[in-house]
Amino acid sequence: MNPIITSSPTPKSNSNKRELLFTFQSIIVTGLLAFTAIAFFFYNDLSIVKGIKVIFAPFLSVVPLLFVLSILRDLQKGFIEGNYSKNEIIRFCAITLLITASFTGITYLLSKIDALEILLAAIMAILSAIFFLKSKIKDILGMSIVTGIAEGIIVYMIFLF
Amino acid sequence: MKLKNLNMAFIVTTGVSVVVFIYLVFLGYDEIRTLKDVIKIIASIMFPIPMLFFVRFILIEHFLPQNTDDYKLKNQKPATLLLILAVIFGVGAMQLTEYLTGQKLENHLIFAHLINSTTISSYVLNYILYNNLKANGILSGVLLSLAIHVFFLSA
Numbered sequence: 014m015n016p017i018i019t020s021s022p023t024p025k026s027n028s029n030k031r032e033l034l035f036t037f038q039s040i041i042v043t044g045l046l047a048f049t050a051i052a053f054f055f056y057n058d059l060s061i062v063k064g065i066k067v068i069f070a071p072f073l074s075v076v077p078l079l080f081v082l083s084i085l086r087d088l089q090k091g092f093i094e095g096n097y098s099k100n101e102i103i104r105f106c107a108i109t110l111l112i113t114a115s116f117t118g119i120t121y122l123l124s125k126i127d128a129l130e131i132l133l134a135a136i137m138a139i140l141s142a143i144f145f146l147k148s149k150i151k152d153i154l155g156m157s158i159v160t161g162i163a164e165g166i167i168v169y170m171i172f173l174f
Numbered sequence: 562m563k564l565k566n567l568n569m570a571f572i573v574t575t576g577v578s579v580v581v582f583i584y585l586v587f588l589g590y591d592e593i594r595t596l597k598d599v600i601k602i603i604a605s606i607m608f609p610i611p612m613l614f615f616v617r618f619i620l621i622e623h624f625l626p627q628n629t630d631d632y633k634l635k636n637q638k639p640a641t642l643l644l645i646l647a648v649i650f651g652v653g654a655m656q657l658t659e660y661l662t663g664q665k666l667e668n669h670l671i672f673a674h675l676i677n678s679t680t681i682s683s684y685v686l687n688y689i690l691y692n693n694l695k696a697n698g699i700l701s702g703v704l705l706s707l708a709i710h711v712f713f714l715s716a
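Going line by line, the protein sequences match chains D and E.
Under the working numbering, the first sequence has 39 at position 26, and the numbering climbs by one with no breaks.
Under the working numbering, the second sequence has 576 at position 15, and the numbering climbs by one with no breaks.
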């Protein structure tokens with residue numbers, strides 16, 4: 014018997030690596046959303062109109078999210094091992110661009126909100142959507158949507174804010 | 562383990578480019594006046610990172626560098642050509658844009674930071690992981706032209 018525990022590192026497949034990247038991307042988006050909320054909060058001098066709403070704002074989106082997560086099965090099969098074909102790459106890059114454009118618009122709409130509790134509710138709703146993507150749509154589609162959201166927020170911050 | 566090292570290299574690259582840019586921005590930039598400027602700069606530094614992750618996500622198979630002499634010999638000429646072309650094109654485009662809009666790049670540092678951070682991040686990523694010499698030529702060309710523009714051509 015060999016007493017030494019040969020702690021061979023688990024062989025990392027490509028799909029594992031893709032999953033890791035997906036996780037990183039969702040963390041980045043979460044950070045960006047928090048950053049957006051803080052930026053708007055400080056810059057627009059948001060005030061709390063009704064304190065009770067602030068407490069209940071997260072429930073609005075978190076409760077449906079948890080419910081949906083608990084009843085839904087995984088929507089995609091997961092990350093593939095091999096390469097993506099050219100058509101797929103083009104299609105998902107297009108989707109990413111589309112989501113980027115629409116999220117630039119959505120961030121613009123967020124900047125028009127002048128009450129803190131509504132902003133909080135909106136950010137929580139987007140965050141819930143991201144967690145939903147993260148846990149159920151583990152695929153290149155989820156990745157391109159998350160990337161699009163991140164880039165949309167950044168583009169708004171650079172060019173329009 | 563080689564694959565693990567490469568993945569580490571990717572993360573380190575991203576981290577280093579962020580740190581370098583934060584350093585550059587807050588040392589050499591005396592035009593930060595409002596919170597808005599800070600937010601814009603942070604956003605322009607963050608800009609390449611999600612894109613890099615996306616590229617890595619798609620191109621995960623092609624990353625192993627085949628750094629053979631043969632490959633280098635074959636790509637020397639096109640890479641050098643692309644470098645020169647990119648420098649000429651980059652400087653020309655920036656001069657033309659300044660001429661047409663009548664504004665200086667120095668007055669819109671966000672754009673400089675944006676080009677800079679995007680190019681450096683992709684440069685380091687390409688250098689470490691993909692080792693594509695042609696892409697290396699183009700990216701070096703863009704960085705060089707930006708440097709030439711800022712140092713020599715904008716009095």
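Hints are computed from structural coordinates only; laboratory data are not their basis.
Computed from a predicted model, the values in this text were never measured in an experiment.
Just so you know, not all the hints are guaranteed correct.
As the list claims (entries may be wrong) - Simulated pairs of lysine-lysine, DSSO-like, Cα-Cα distance not exceeding 30 Å: (1) Lys635(E) with Lys99(D); (2) Lys633(E) with Lys99(D); (3) Lys125(D) with Lys638(E); (4) Lys601(E) with Lys147(D); (5) Lys597(E) with Lys63(D); (6) Lys601(E) with Lys125(D); (7) Lys695(E) with Lys30(D); (8) Lys147(D) with Lys30(D); (9) Lys597(E) with Lys66(D); (10) Lys665(E) with Lys601(E); (11) Lys30(D) with Lys633(E); (12) Lys149(D) with Lys99(D).
Do the hints match the structure? See the list:
{"no.": "1", "hint": "Lys635(E) with Lys99(D)", "in the structure": "holds, 25 Å"}
{"no.": "2", "hint": "Lys633(E) with Lys99(D)", "in the structure": "holds, 26 Å"}
{"no.": "3", "hint": "Lys125(D) with Lys638(E)", "in the structure": "violated, 53 Å"}
{"no.": "4", "hint": "Lys601(E) with Lys147(D)", "in the structure": "holds, 28 Å"}
{"no.": "5", "hint": "Lys597(E) with Lys63(D)", "in the structure": "holds, 27 Å"}
{"no.": "6", "hint": "Lys601(E) with Lys125(D)", "in the structure": "holds, 18 Å"}
{"no.": "7", "hint": "Lys695(E) with Lys30(D)", "in the structure": "holds, 26 Å"}
{"no.": "8", "hint": "Lys147(D) with Lys30(D)", "in the structure": "holds, 15 Å"}
{"no.": "9", "hint": "Lys597(E) with Lys66(D)", "in the structure": "holds, 28 Å"}
{"no.": "10", "hint": "Lys665(E) with Lys601(E)", "in the structure": "holds, 18 Å"}
{"no.": "11", "hint": "Lys30(D) with Lys633(E)", "in the structure": "holds, 29 Å"}
{"no.": "12", "hint": "Lys149(D) with Lys99(D)", "in the structure": "holds, 25 Å"}
In terms of the numbered hints stated before, the structure departs from hint 3 and from no other.
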